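Line order of the protein sequences matches chains A and B.
Numbering-wise, the first sequence is residues 1 to 277 according to the working numbering.
Numbering-wise, the second sequence is residues 278 to 1190 according to the working numbering.
One thing to keep in mind: the hints can contain errors.
[What the hints assert, rightly or not] Reference listing, derived: stretches of chain B covered by chain A, where coverage requires no fewer than 3 residues with Cβ under 8 Å from a Cβ of chain A:
| # | stretch |
| --- | --- |
| 1 | 323 to 336 |
| 2 | 401 to 415 |
| 3 | 1059 to 1070 |
[To be verified] Just the calculated beta-carbon pair ranges, DEER-fashion:
| # | chain 1 | residue 1 | chain 2 | residue 2 | range |
| --- | --- | --- | --- | --- | --- |
| 4 | A | K75 | B | G1168 | 37 to 45 Å |
| 5 | B | Q1034 | A | E255 | 48 to 56 Å |
| 6 | A | G51 | B | D338 | 15 to 23 Å |
| 7 | A | K75 | B | P436 | 33 to 41 Å |
| 8 | A | S18 | B | E656 | 56 to 64 Å |
| 9 | B | E615 | A | R201 | 50 to 58 Å |
[Stated by the list, open to error] Derived coverage of chain A by chain B (criterion: at least 3 residues anywhere in the stretch with Cβ under 8 Å from a Cβ of chain B; other residues may be distant):
| # | stretch |
| --- | --- |
| 10 | 21 to 27 |
| 11 | 35 to 41 |
| 12 | 94 to 102 |
| 13 | 184 to 192 |
| 14 | 243 to 252 |
| 15 | 259 to 267 |
These aren't lab readings, by the way, just hints derived from the structure by calculation.
These numbers were taken from a predicted model, which means no experiment stands behind them.
Cβ coordinates follow ideal geometry from the N, Cα and C atoms, glycine included.
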Amino acid sequence: MRYLTPRTLDDAYAHLASGGVRIVAGGTDVFAASGPRDLTGPILDVTTVAGLRGITRADGQWRIGAATRWADLWKADLPPGFHGLQAAAREVGSLQIQNSGTVGGNLCNASPAADGVPPLLTLDARVEIGSLRGRRVVPLERFVTGVRETGLAADEMVTAVLLPDPPAGAVGRFEKLGARRYMVISIAMVAVLIGLGPDRRIARARVAVGACSAVAQRLSGLERAAIGARPDAVRVDPDHLSGLSPIADLRGSAEYRMEAVAELCARAIRAAGQADG
Amino acid sequence: MDPRLQDPDLAFTLNGAKVRAGARPGMRLSEMLRETLGARDVKIGCNAGDCGACTVLVDGDPVCACLTPAHQAAGRQVDTLAGLVAQDPDAQALAQRFEDHGAAQCGICTPGMMVAAVALLRDTPQPSEAQVQDALGGVLCRCTGYRKIIDAVRGADGPARRDDQGSVGAAIRRLDGAAKVTGTEQFGDDIAPPGTLEIALIRAPHPRARFDLGDLEGWRAAQPGIVAVLSAADVPGRNLFGVIPDFVDQPVFATGETRFRGEAVAAIVGTPQAVAGFDPADFPVTWHECPSTPDMAGAMAPDAPRLHAGRAGNVMCGGKVQCGDVDAALARADLVVEGRFRSGFVEHAYIEPEAGFARLVDDRLEIHACTQAPVMDLEALAVILGWPQDRIRILPTATGGGFGSKLDLSVQPYLALAAIKTGRPVRLAYGRAESMQSTTKRHPSDLRLRIGAMRDGTLSGLQFDGLFNTGAYASWGPTVAARVPVHASGPYRVADYRAGATGIHTHAPPSGAFRGFGVPQAAIAQESLFDDLADGLDIDPLEFRIRNALRNGVPTVCGQVFDQGVGIGACLTALRPAYARERAAAEAFNAQSDGVARGVGVAAGWYGCGNTSLPNPSTIRAGLRADGGLVLHQGAMDIGQGANTVIAQIFASALGVPVGAVHLIGGDTDVTPDAGKTSASRQTYVSGNAARLAGADLRAQILSRVNAGPDAVIGLGDGWIHVVDGGQTHRIDLSQLAPDAMGYVLCADQSYDPPTQPLDENGQGAPYAQFGYAAHLAVVEVDLRLGTVRAVRFVAAHDVGRAINPLLVEGQVQGGIAQGLGMALMEDYQPGRTENLHDYLIPTIGDIPPIETLIIEEPDAHGPFGAKGLGEHVLIPTAPALLNAIRRACGVRLTRIPATPSRLRAAIRKAAS
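Could you put the whole structure together from the sequences, leaning on the hints where they help?
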């Protein structure tokens, strides 16, 4: 049993290539899933890798290091297009979780109810992946492939989330539905990115829904339908939600989730429209 | 040294001091802090980041130590509560405010709360309420209802008076509060020295199963560090326990068949390293799942498997009360309403899982564990071990919440058996999942009621039929069956009444005692239907209740007539101003709100204090040492509610000395007499009376020595007593008096047993010497399209007879309301599905609105200084008041709790279609 603390990505990649290690960053998901016992297996702590934490912008592209904490994200001074992501960051677990849990960990944990995923989808996020074999970049919607499943190979790790500049003037918004105020797994959640034209009608719309399908997803039909509408007059039709497949569980029925998502979409779009300008 | 310690020199700064410690790879920071570095002020509530009790600062940021790899501490600065209050002036001021506000009750969440608050206050010295909620939203508290924590963090002056005599009626700080706010309080898992042998239990993975144990000794011999395996064969006495003499039916280790998921069949005892690495899947047991009946309908079916011989139809037992002629009364009623109401399991969810430490001292066994009932623990262990009681000593630790479930044995038999088998000290702390799987729950209920009323609003007949799922074993189920029919009328005059309650066994965790013993479930049904009646008769719901409220001289459904002390009318009328104000505010709100509707609901409750028609004595001992030290043997377990303070205040007032002169000794069964269990809201009333008698006895002994009159003033000094009587001062030199075997020169042992009478076959008699009364008003906002409910405000009127300590009264009220809110809106324990605190939700600091407490003091002739019990009363009206408020907001009457968003939205949708 070893606890590995690489300083460089190459060192981390080498450990991964040797096989059998478990990546740990903030620890908030892996410890929560281990019961009262220790984490098993050799552990690769990626938080010691230089340069893996922080938010930077270069060449019209934003880079959120994989080991960036959710609290780093919501405390950062970012343009309105990121406000949905920042609102989601404040809903990840508790403040304690936000101080430890990382953006990369949230993606790799691949929970259908991961609060970070829908807003990142609205920001056209891509996932940067590294290994000794090299670097590759995958759109987020192709990175998370199922419940607790990602496209990460055994020798790979996520190094960053890459985001283009949000459309000028667009505003992000996040709506979370849970049965209590704090520390609650979402029944459903919606992230939107809304840009208005000079006529105060919607010129750009991106909508993503979490906890209502195995993998959070964009609602492209709703996005198209919203164009040209006033933000407070967007109608969410069943067709727009047809790609969703919510389950019934102890947090709510499938029917309820579908109904609630429609309402959350309308509210998020309306609120983003009001915040714009 | 643990061979797996890779880096024995992990260096970091702990509470300002440079430390080096060893840690296994994959070890949690919380475990390293507690077990390697002795920082037992870091509390473990869940090991999953769900409760926040283990919150520490790492480089100034609050994190859950249970989710942090120990190795991530390297080179960093870690601060825990004990270090912060020792060094940080802001933390010290916060600790003072926590005490002044009564913000710590049991104290198990306090380290997490205070550490999180210190981080907030460093950034934001004067936080808003919302900022406090955001900062503390990651720490769960099950006792306080959070409001006093918010007040303490925000820096308001606390209500506690510090310069007071602490007489009855004074809102003094808790006497045992300092340890809770400095991290030095020792709970069940804080006693064992590091390195103590640990126990892990092998538990059934199915609701019902047969099982075969393999070669246990052969397996053990092959496991490094496992020193013993325990199973039913190791139980020297009777492999059974229970709390009701005729219903002792639960095995320590199951034999042949398990009856609920999580039931123990064996245990291992080993070194910490061996137990940390133990995977239950490796244990030599083979499971054969059997058909099970997890719910009552299945268990009552003719072909259902029988859980216990002699309990046909899986009926454990029943209780009933009847008076008058309910059929005739319902027939002549102008309006009859009826309904079926259902509820599920509710988990106590104290933040301290069951834990303890045991060792053999000479030929005696010592158990240090959290508990609500040390003497019952002792008696039950004597039977299990086949030992005389005098070979067993129970030393209760601080108890991090109980609410009924820590009345039953949990860790104690395993600790005892392991200590005896190994001859070495042992420890056991339940993980959150096994705590939830294996300990008792609130009974699920299935209740059918019919209630009638005349056109003028007078009740005319109430019929109640209740089924209660008591799970696999009886526990306190018989008490629920007995209590519910006595209380199901609510605190009203019901002349014609028939109520029956039956406990049904299922393949589910045992249901036992939980704050209210079934009465909260019954109150939901009865109080919801009262709103139906009020609406049907076009009478204001509050006035409808006032009209029917029980009064002095009017018989209860048991035919018991109290000629004094009935305070429900005063509670209900106290709500009138708030009710008028809040309804007007709701109307104004609703006139301009779209999509969110506000409603105001009321409900009432009553609760008999102490055992139902059974002996229920408490004994309190007090002694004066030759050096003038005044010692109170206070055996009424303080599980956060404040018995240490209340009992001492009563005693000191009766003796006539300041409460600060009292030195407390807890429930150590070797030195402290039995003050009974902390249950049935009996300690203030019953043990309080014993304390009052002990104080009066000691006072009489002192005064008689100098022939002083009854109004003389006693002053305690260093080895002497002054008695000032009129103008005369007498001095008693204590060194001249002969000490007894306990070292006391004066000593008083006094007992009190409530005067009750048996119930006859119709439940007629005098079940309790006193009842306490309560009425709640709840204001909610319902998001009509999402079905979510936000509580806006509570006003709670409680008749406590005499508030011995008003600060503690408020603490009980706020904490009980938080539990009632959880039960009404979110709590739903499902075996196998919600065995953690993220799927089983309890209220957070963001869910509890402001609570106004109206203390009503309708003195009770039996109560000490007129006091009545309070703890359980609070929870009873909360849920029905919330449900009635929801109904006023959106027109939907829910008959099944919890009112989750999904369930409420479905009801709103159905009502609209």
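We went through each hint and held it up to the structure:
| no. | hint | in the structure |
| --- | --- | --- |
| 1 | 323 to 336 | holds (count 7) |
| 2 | 401 to 415 | holds (count 5) |
| 3 | 1059 to 1070 | holds (count 4) |
| 4 | K75/A <-> G1168/B: 37 to 45 Å | holds (44 Å) |
| 5 | Q1034/B <-> E255/A: 48 to 56 Å | holds (54 Å) |
| 6 | G51/A <-> D338/B: 15 to 23 Å | holds (20 Å) |
| 7 | K75/A <-> P436/B: 33 to 41 Å | holds (36 Å) |
| 8 | S18/A <-> E656/B: 56 to 64 Å | holds (59 Å) |
| 9 | E615/B <-> R201/A: 50 to 58 Å | holds (54 Å) |
| 10 | 21 to 27 | holds (count 3) |
| 11 | 35 to 41 | holds (count 7) |
| 12 | 94 to 102 | holds (count 6) |
| 13 | 184 to 192 | holds (count 3) |
| 14 | 243 to 252 | holds (count 3) |
| 15 | 259 to 267 | holds (count 4) |
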